[in-house]
Amino acid sequence: MIETGIPKLDEYLGGIPPGKSLVFSVEPGVEESDVGIHVLHHNLEKGKRGIYVVSESSPKNVVRKFADFNWDVKRYENLTIVDGYSSLVGAPTEEKYVVEEPHDIRSYEDALLEILEKNGEQEGVIVFDSLSNLLDMCGEREALEGIERINKDAGSFGFATIYNFIAWPYKEALLYRIKRTFNSIIEINMVEDVATRQRLTIKKIDWNNNEGKKFDFKIFKPGGIRVYIPKISVIGPYQSGKTTFIKAMARNFTPVERMGATVGVEHATVDYKGYRAEIFGIPGQERFLPLLDKLGASSMGVFLVVDSTKPHEFEYAKRMLERFGGIPFVVVANKQDLPGALRKEEVKARMGVQGDVMESVAITGQGVYEAFERMVEKIMEWLNAR
Amino acid sequence: MKEEAYRKIFTDIESAGKVEGGCIVSRDGLLIYSSMDKIHAEAFAAMLATLLSSAEVAMDEIGAGVPKKVIVEGREKRIMVTGAGPHALLAIVVENEDGMEEVLLEGAKKVEEILRDRK
Ligand SMILES: Nc1nc2c(ncn2[C@@H]2O[C@H](COP(=O)(O)OP(=O)(O)OP(=O)(O)O)[C@@H](O)[C@H]2O)c(=O)[nH]1
Ligand SMILES: [Mg+2]
Chain Z
1 MIETGIPKLD EYLGGIPPGK SLVFSVEPGV EESDVGIHVL HHNLEKGKRG IYVVSESSPK
61 NVVRKFADFN WDVKRYENLT IVDGYSSLVG APTEEKYVVE EPHDIRSYED ALLEILEKNG
121 EQEGVIVFDS LSNLLDMCGE REALEGIERI NKDAGSFGFA TIYNFIAWPY KEALLYRIKR
181 TFNSIIEINM VEDVATRQRL TIKKIDWNNN EGKKFDFKIF KPGGIRVYIP KISVIGPYQS
241 GKTTFIKAMA RNFTPVERMG ATVGVEHATV DYKGYRAEIF GIPGQERFLP LLDKLGASSM
301 GVFLVVDSTK PHEFEYAKRM LERFGGIPFV VVANKQDLPG ALRKEEVKAR MGVQGDVMES
361 VAITGQGVYE AFERMVEKIM EWLNAR
Chain V
1001 MKEEAYRKIF TDIESAGKVE GGCIVSRDGL LIYSSMDKIH AEAFAAMLAT LLSSAEVAMD
1061 EIGAGVPKKV IVEGREKRIM VTGAGPHALL AIVVENEDGM EEVLLEGAKK VEEILRDRK
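As they're listed, the protein sequences go chains Z and V. Start counting the first sequence at 1; every next residue gets the next number (this note's numbering). Start counting the second sequence at 1001; every next residue gets the next number (this note's numbering).
Same shape as in the complex, but just chain V (with noise of 0.2 Å):
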């Protein structure tokens, strides 16, 4: 069960710092994965969508190239999102993102591993 590996997945990002949780999302916003309760899972990942690809489409703009994240600062709390391989991008909700670059991209590796497995 794919369920399983996901939650495993944000065990290890949950463990890593202090992160409330996180959605994995296909790249046109539909929802795969959500570890956050008491939110509207479905509405959150449809803006996750936009922050990337507004960002994607914005970078290409200037020739940037891929943006490697997008972090969304508030005053408690931050989003960070990235790509997960072509089809899905992974996005967690954190307190303070010191050090936690390196778990997101992690994160990301193993989205993008689950997802190429099953085609």
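Pulled out of the complex, with its shape left as it was, chain Z reads as follows (with noise of 0.2 Å):
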């Protein structure tokens, strides 16, 4: 199987079988290179073979898209780099495999039937940037064509193939057909609503019956991608542990504290499995709660955290909960360390509450990102119902 190394959509993909294509479709204004550089990147890491095939710009920009990671091109024996640019434009080249007519899509396949023969079998991955180019150098119907024939001798050598597309307002037609050649479709756009992202969705798979997923990501350079979540929220009365349970978790925390307690909302970043998610601490004394309406708008998610020895507490928790709607949540069961510390099961039911409880000593970060976990997924399940 080949990855992505994209997480959530290896998951919902289950690898790549050799011989499968896939295109991320690509609205433009999103830099379309940036995923198959990360896709490359990856099984380069992995010790595959991989075939980087560009047209759309010259293969010195390659080693500058790499770098505009913090990533070494250089330092990839296993990959392969196929110049269809410069003879494009005329321009000389040192690159070994160069497509001497790149107005014939069978000029490509000679190139890469050459690689793949001398490659012999071994697993990897083929990334053409970009599927829109060739379309438009080599006519639609004949790229298509040599596309399909491409695709089956990458499948008996153990390659998978992905292609960047940059969705154009193309004809239907030939959208339809492309739908048509390729295994696997995953349409990327811009969210542009607050906390720029885009948005990942499998229009098509042939494989499984994750059609329809999806999921927000972001593209950090250095980083790479990360599924991102732009706010989840830590609410909970006071002293509960929300502070110590986000600081345990975060990296860039901005604590607003005064003699111990939270008097402002506090932000963090965690990043965790390939996860980026902006953390907003609210306060958890009463006066603030007008606080907790204003800023905690918007949520995709809110770990409720209680101090276990509290159940007194419980019923105004519950409430400071209610105010969110039914967005997802995980209650943490917090100070397990604590004498009288109630189980988990104990906590639920004094709460009333329907969902997830989790155990959890913030001070020691025992449980931290458990909680986490269950809340990323939680949040991708919601996203997908919806």
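If you're looking for bench data, these hints aren't it; they were derived computationally from the structure. Treat the hints with caution; some may be incorrect.
To be verified - List of simulated lysine to aspartate or glutamate pairs, EDC-like, C-alpha gap at most 20 Å: (1) Lys1109/V / Asp193/Z; (2) Lys294/Z / Glu1061/V; (3) Lys1002/V / Glu27/Z; (4) Lys318/Z / Glu359/Z.
Dock chain to chain to rebuild the complex, using the hints, since each chain is given by itself in its own frame.
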């Protein structure tokens, strides 16, 4: 199986079987090469063979594109570049594999076959940057027919093929033909309301049932692609351990504290297993409730942190939670280390909530990431149910 | 592209005085656009929203209506924050606020228009 290295997407794809072809259909405005570069880098790192077919810009740019992510392309002996650009503009090239006739898809086939045959049987990935360019240069029908042959050849050598496609307003008929030609189509759109990010939707997949699955991500340079959650709020009664809980999982914590109590909204960024989330901690004292209404809005999830030794606060805690409506939440039964701490079942029963209760000891970090993982799972389910 | 429009707003603001940059932020603290680099913009955005909403709650408490702007004054720099329609706020970081109020409020109007257009 071949992976994309894009968190969550690999889970939905269940890996790409060799011989399958996948199109990243990218809305104009999103840097189309980034996704392909990410996939390529992931496979090179894993020791698989990577073939990068460039026709949108010169092979020299490949170095820069990798460098934008802080990756050094020179390190990878398992990378082969196919230059489909230089002869297009009549420029000299130092590449070993050159597409002599960039207007003829067969010229691409020839170059690729030569590499594949030399390479022998070794799993890998061929990334085309870009499909749009091949269609424009080689003619739509001819290009797609050639691509079908390329995909087949690639498959017999253990490769999957990945195509960057810039979704200009092409004709319906062509889009339909593209959809038929490839095994999977993945659409990438901009989400431009707040917290600029991209949305990835699996439009077609012919080897499992995950068609329609989607999530938001952001491309970080350096860092690469991360599933992105712009806002998770942390609420709970006074001194229940919210700040400690946030600190335990975050980098870049911005505290807002006076004498041990939080007096404003604190912010933190969490990076964990391919996810990035922005965390908003909201002070617990009742007099700050107006802030909770204003600043809690548009959260995608809520952690309700309670002190498990203080059941008399649960009622108030539950009321805080209810201000958020039906969004995903996880109740964190904190301070499990203290004598008399109620276990999660007990907390759940006493509070009378339907949903997840997780135990934690925020001061040692115990249970904190488990709660985070549960949270992102719930947010993903929720996003996909909408 | 909205990016372009936002960038233009800040080019205008920045040409009007000693302005370091600024941010457009949703009222609930999510970053919409930042013209400043070298800062942790997401955290800055959350704090700006806290400033404005705290000011709103405080003003409302004394029946003083909606605050026109919030100014935080430091030794060398100031932060000026104002509402930009129901969904967003505009903040700028300036060296000196003389004459900048007009620029800020003007910018906020433009932000409000852009955000209204997309609805
Ligand atoms: N024993 C124990 N103490 C904890 C735990 N988590 C937090 N505390 C302590 O509880 C106190 C309050 O923790 P904070 O994280 O400041 O609580 P908070 O909910 O942010 O408080 P406010 O923001 O003021 O409402 C501190 O003294 C922490 O050290 C825990 O798991 N076990
Ligand atoms: Mg706190």
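Right, here's what the structure says about each hint:
Using a Cα cut-off of 20 Å, the hinted pair Lys1109/V and Asp193/Z holds, with the two alpha carbons roughly 18 Å apart. Our distance criterion of 20 Å between C-alpha atoms is met by Lys294/Z and Glu1061/V, whose separation comes to about 15 Å. Pair hint Lys1002/V plus Glu27/Z holds up; C-alpha atoms about 15 Å apart against a cutoff of 20 Å. A threshold of 20 Å between alpha carbons decides the hint, and for Lys318/Z with Glu359/Z the separation of about 17 Å falls inside it, so the pair holds.
Of the numbered hints given earlier, the model fails none.
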